[in-house]
Every structure is written in C-alpha cells, then in structure tokens.
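Novice: This is what each chain is made of:
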Amino acid sequence: MSELIQKLTEGKIDFEGQKFVERISRDTLIAGTAISFLAGLGLQSLQVTFGLFALFVVALAIAVIPPWPSYNRHPVKWLPVKETKAE
Amino acid sequence: MHTVYARINNISAMLSTCVMVLLAAVSLSTFVFTADPKGTLAVSSIQVFPGNARRYANKNQDFTFVNFNLTADLSPLFNWSTKQLFLYVSAEYENKRGVKNEVVIWDRIVRRKEDADLSVAGRNKYVFRELSASFKDAAPAHYSLKYNIMPYVGVLTYGEAARTAEPVPFPERQELS
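As you go down the protein sequences, you meet chains A and B in turn. Under the numbering used here, the final residue of the first sequence carries the number 87; numbering is consecutive throughout. Under the numbering used here, the final residue of the second sequence carries the number 264; numbering is consecutive throughout.
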C-alpha cells in the first residue's frame, strides 16, 4: 500500500511519455497565451484574457502532471542478465 | 519530466515566461488605443474674500471661490487596460510678481466607463489661495480639465480635455459684510 502511494507521488513515466508531455505542454502554453490575448483584445476585457489562460493552465495540469497509465505504455527494454564467468 | 516534481517545475517555468509575455503584450496594445476627447469648461462665478487659513491663524490672506460648469465625454479613454481615470481642474495664472502658478482646485476618480460622461456644476474642492497672500494684480487665469489614465498594465498617460476659451480675471477682493 505504501509502495503504491510512493509510486504515485513519484509519478515516473517512460521516455516516450516524457517526449509527448514536453511537446504538448510547450504547445498548449504558447497557443494558450496567443488565444487568450486575442480573445481579450477582441472582447476588450482583461478578465476574459486571464480567465481563459487560467482554464488552459488547469486543463494542462490535469492532463500532464499525474502519471496517467497511457504515459507508461513504452517501458524501456532492458537487455537480459548476462551470466558472469566465475574467475 | 520523469517525475511529478520535474513536470511541475518545467511547466511553472514555461508558465511564468508566458504570463510575462502576455502582460507585455497587453501593455504594448495600449499604444494602439489613442483617443483625444474634448469637452467644455466655463467659469460661472468667481469671488475673492479675505480670511485666515486654519494653519496660519494670524495671516490674513485672499481666498478665491470658483464655480464652474464642466461637460466632457471621456468614455473613449476606457480600453481593456484602463483601471481608472484621475481628472483634475487646474487654474493656471501668473501672479503680480511674474511667478507662474498651477493650482488644482477640483478632482475626481472615474472607475467605470458609464461614469465617464461628465456634466458637472462644481465649485473648488480645495482651497484656492495665493502664496503671496493676495490675488491683487494677478494676471487672468486659464482653467483646464486634465486627465491621467491609470492602466492595469502599461504606461501612465496624461492629457488635457477642456480649457476655458478666454482667461478669467480675478475680481477685486470683497469684504465680508
């Protein structure tokens, strides 16, 4: 039980998952900045800008920070253990 | 990105950069919104009385009382980054010694676009006194309405919205009866 909690709070994900997470977090934040700026400029309201931006950030955090199982679908393939010759 | 801590760290770093870029973009966008609204300001009555200021009980000096009518529609100045407008009416004149004076006699803070359409019959909120204690032989004064746009993010901008068409002379000191 405590091992499960430890594994969840550490939240390791494999390398393919890390690549994916890096790409979508960078793209979402840049796109979110641009979209929320243009929406606020059009509607002339700073509340729209920062509200929309906060929604983007919360959605990104939920999608990316917990170690979802889909990020662990490509575990590293270790080579089989080699028998060492006794000296 | 291998642990929860690393993901939170990376995302918060990118996030703070994005927020700073967003704020810089908002403040740059304020340069696009230029508006120069004009209004009218007229002095309806002006009187000069002698008296003592509370602070200097023994100094007998002149006090000017100005009633004015002000109309201006300043709602074009409200854009998304305008937090409030600080408006002030100031009297500009030269006293008999040739010293230029600019005295703020009335001010108002406007926080909403709906409140920016002004039609005010006001009198001076603040004491209008001359440092040399007498308005005798002072040059006629120009009264002007100036504004200061205070943004949420951006630079402070100043402007003038109304001015009396002709300078208004100071009357002779009246004795209180």
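Treat the hints with caution; some may be incorrect.
[To be verified] SDA-like cross-link-like pairs, simulated, lysine to any residue; straight-line CA separation at most 25 Å: (1) Lys223/B - Ser99/B; (2) Lys19/A - Thr90/B; (3) Lys12/A - Asn97/B; (4) Lys200/B - Leu43/A; (5) Lys19/A - Ser99/B; (6) Lys200/B - Ala39/A.
Quick caveat, the hints were computed from the structure, so don't treat them as lab data.
Novice: Against this structure, judge whether each hint is valid.
Specialist: Evaluation of the provided hints:
| no. | hint | in the structure |
| --- | --- | --- |
| 1 | Lys223/B - Ser99/B | 66 Å, violated |
| 2 | Lys19/A - Thr90/B | 13 Å, holds |
| 3 | Lys12/A - Asn97/B | 15 Å, holds |
| 4 | Lys200/B - Leu43/A | 15 Å, holds |
| 5 | Lys19/A - Ser99/B | 17 Å, holds |
| 6 | Lys200/B - Ala39/A | 20 Å, holds |
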